[in-house]
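Enquirer: For the protein sequence lines, the chains are Z and F, in the order given. Each residue of the first sequence is one higher than the one before, starting from 1376 at the first, in my numbering. Each residue of the second sequence is one higher than the one before, starting from -17 at the first, in my numbering.
Warning: the hint list may mix true and false statements.
Beyond 10 Å from chain F on every Cβ pair, some chain Z residues (computed) [what the hints assert, rightly or not]:
#1 Arg1400
#2 Gly1402
#3 Leu1407
#4 Ser1420
#5 Leu1445
#6 Ser1459
#7 Lys1466
#8 Gly1470
#9 Leu1473
#10 Val1502
#11 Leu1582
Computed footprint of chain Z on chain F; a stretch qualifies when at least three of its residues, placed anywhere within it, have a C-beta under 8 Å from a C-beta of chain Z [said to hold, decoys possible]:
#12 16 to 28
#13 52 to 66
#14 83 to 95
#15 240 to 246
#16 277 to 283
Read the hints as simulated data drawn from the structure, not as lab findings. Computed from a predicted structure; not experimentally measured. Here a beta-carbon is modelled for each residue, glycine too, at the ideal position from N, C-alpha and C.
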Amino acid sequence: MALVTAALPDGVEAPPRRRRFRFGRIGPNLVLLAAAVFFIAPLVSMTRFAFQKVPMPLLHWSTILDKWSLSALTDAFKEPTFGSTLLLSLKLAVGTVLVTLALLIPTALFVHLKLPKARPIVEFLTVLPYVVPPIALVAGVAAFFRPNARWFLNSDYSLIPFYVVMALPFTYRSIDAGIRAIDVRTLVDASRSLGASWPATLRRVLLPNLSSAIVSSGFLTTAVVLGEFTIARTLSKQTFPVFAYDYYGRKSQGGIALALMTLVGSTALLGFFTLLTRTKARRQLISRS
Amino acid sequence: MTAELIEVEGGRTFGAAPSDTAVRGRAARRGTAWLGLLPFFAFLGLFLLLPTYGVVRKSFLAADGHATLSGLSDAISKESAAFRTSLKVSVVTALLGVILGTLLAYAAATATRPKWLRSLVSAFSGVAANMGGIVLAFAFFTLLGRQGLGTKMLTNAGYNLYDTGWFDLTGFWGWTTVYMYFQVPLMVLVTLPAIDGLQASWREASSNLGGTTWTYWRRVGLPILAPSMLGGFLLLFANSFSAFATAYALNTGSNLVPIKISFFLQGDIAGRSPMPFALATWMIIIMAVSMGGYLLLRKRAERWRS
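If we strip away everything but chain F, and leave its shape as in the complex, we get:
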């Protein structure tokens, strides 16, 4: 009977004071305990859910006010190039981020000397994953822009970056390179716990049974890491798709969905056209699908963690 009232969550205290427990139980059963979360729900409702509702609603309203689906379909047909570029950038940066991030996380997680290496990588990843926006764009202008330090060093070494024709900091591969600066740390942050979950005993068991390093990775390591890596891919995809400030600072005319949203919003102060709102709604849908997938995969990955 009392088992219901004493929570299992974090339950190291089985000797909780009975009166507190009973109060907790009563309130929880009556449902009034939820009132304690009211400020939180109200805050989110007002400042997140209402604007979201506003965006979705306006995407269904044509310029003259009648309800229509054409806003949403127009957004896709007229700005299909922006969607395609955004999707391309997001997929490429997510793939590169997953591969490089996993390698880096593995290198940091398995390093034994120096001892502070892992905390350094972890702390720096925390900072770099959230760094973005204009600071990052400015930094890369000074490094790989036409007058950048890196560009000059490469030219002196015989490799003129801007002559190759495929690299331009304000173009596709430029964005990709800059995005790596926060994609890789994000992947590291998400993957470090997963790599910690790869127990040494599994590696030893595999060698005992006659397996090589490759066998271990193919039959044990990668299958266990797979949900984390796939989830990481989705997270990085979502992160890249929604990035605005960095892309804007690199090139205000970039053909990316977030830039287009800002462009239409600034040009249409009266807010009549459904275009920016339709674009934003599509963006929310894409983000919701990717984040949903990420959360599901993360739950699966956590099965291996004790």
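Bound-form chain Z, shown alone:
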């Protein structure tokens, strides 16, 4: 609704604008407020539960600032299996991200550059993991891999391919969007005509330009791996989420503290990498001008 205002003659000042409360926005603003409350409340209550040693029946406005401590979390650190499970989950996360990128970046580039006809098929295949949810996938793993390839399932790293499959819809979409955002054909042609080999083109042209897509898909993958419970539990792998779940059964405060730590940790990681790629991009822009 553009307002057409006639230009004022020179020398005449516009009257000061009064701030009017915009009644048109009251509905949407209420929705946003309600949503904010709903989505933040569990995080607040989680924090209070994990770090305040006041049981709920004794909690009043008078005791609200009492007995806050991180001991629930530090006790969890002292568990013998804490370190090993956390390390395993981190290794699985790194492994999953690497396999995902190694598999999807060439595939997505290939579809864009050489074989666009394959696009519908590839996109369909990347949605397929949605159709076979983790619980069905793990049933399939039990059905197929247990009798035929038990040696494969014995390794803890056997979780990696299944995590890659689980994260596929998000990661492929992210990388695909990143490729579409840059003019990949021009970049590749320019790089190749200047004499760069394919690996060099990949390393020096494509990967830096795709860095934000890589970061966001890496983050999504890490979040999936650090939170994945179904497959790990059913295949009896001692990953961090399995440990946290069992620990919660024994010490509820500690279990919740661990969950909070995972959440904060992965969000911080995302923020860190987002900033990293943003400053790098800005630096490159400055150095090029």
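Since the structure of chain Z is already known, use the hints to place chain F on it.
Expert: Coordinates of chain F only, in the frame set by chain Z:
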């Protein structure tokens, strides 16, 4: 002639080097270009298609090994309560998710101040939509469980949640509330692009022709958003139906299909009974139908996006 060889896809480069183009054309015509996708197909084949095939195959095998359809029919008849509860939860959470998600997406998409609001909503939705599982269940235990902070605040305000008889975090409305935490953000993620597609010029055209806000929504806005909303419903339905970890952490005895699959799998190590596999096969069929519907509707919705 060269038009065939230079792709239209992302084709801002019409001056592509001829040798590269010719190579591309030759390879594509010979079909060997597909070899480049071999790793991708092989990976998916091994780690997605083979397990799926294993599940479907085992659902047709009775305990003694002969082929039968009774596995599939037994799954429905014996676990009909689980199917009904799963379907009920999925439909309810999908409906609520669609309504609340669309409202939230509209509020975020049309907000002009502060400027970072939309990116915040979008980023948070990305995180929350994938959050699920045990972390979410734990969080809601601390908020709306019997000893939860929210429960206590509500009791102090005079409304005892657990006395009402219809709310229990480990029961139907408990699951529904918890599921909203990832259903609404998922709907927001899917709907934001669609709302962006509602051009301001259409709104202005409608007012110019004498329409009110209600007229605009009834004759222009909602019909255009309808495929997205319906598709979103199917996506949310599928998402809710397949959720396992959250339901498991809330109540290991929940009468939901994914929980039943896990229950039968853990109890039957030899893998003889077709029950968990039959349940999983039915689940795959339901998911395939919903996801197929979602994709079709999304294609329709994209007609309005330039």
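Enquirer: So, for every hint listed, does it hold in this structure?
Expert: Status of each hint after checking the structure:
A beta-carbon of chain F is positioned within 10 Å of the beta-carbon of Arg1400 of chain Z; the least distance is around 8 Å. Non-interface call for Gly1402 of chain Z relative to chain F: violated, since the shortest CB-CB distance, roughly 8 Å, does not exceed 10 Å. A beta-carbon of chain F is positioned within 10 Å of the beta-carbon of Leu1407 of chain Z; the least distance is around 5 Å. Distance to chain F contradicts Ser1420 of chain Z as a non-interface residue, since its nearest Cβ pair spans about 4 Å, not more than 10 Å.
Every CB of chain F lies more than 10 Å from the CB of Leu1445 of chain Z, the least distance being 17 Å, so the non-interface label holds. Non-interface status of Ser1459 of chain Z relative to chain F is upheld: no Cβ of that chain comes within 10 Å, the nearest being about 19 Å off. At the 10 Å boundary, the C-beta of Lys1466 of chain Z stays outside the reach of chain F, the nearest C-beta of that chain being 19 Å off. Under the 10 Å C-beta cut-off, the non-interface status given to Gly1470 of chain Z relative to chain F holds; the minimum distance is some 14 Å.
Separation of Leu1473 of chain Z from chain F is adequate, the least Cβ-Cβ distance of about 14 Å exceeding the 10 Å criterion. Residue placement check: Val1502 of chain Z does not keep its beta carbon more than 10 Å from all beta carbons of chain F (closest about 6 Å). The beta carbon of Leu1582 of chain Z is kept farther than 10 Å from every beta carbon of chain F, the shortest such distance being approximately 18 Å. Counting residues of the region 16 to 28 of chain F whose C-beta lies closer than 8 Å to any C-beta of chain Z gives 9; at least three are required, and the coverage claim holds.
Look at the region 52 to 66 of chain F against chain Z: 0 of its residues bring a Cβ nearer than 8 Å to a Cβ of that chain, fewer than three, so the hint is violated. For the region 83 to 95 of chain F, the stated coverage by chain Z holds: 7 residues have a C-beta nearer than 8 Å to a C-beta of that chain, and at least 3 were required. Counting residues of the region 240 to 246 of chain F whose CB lies closer than 8 Å to any CB of chain Z gives 3, which reaches the minimum of 3, so the coverage claim holds. Counting residues of the region 277 to 283 of chain F whose beta-carbon sits less than 8 Å from any beta-carbon of chain Z gives 1, not enough to reach three: the coverage restraint is violated.
Checked against the numbered hints above, the structure violates hints 1, 2, 3, 4, 10, 13 and 16; every other hint is satisfied.
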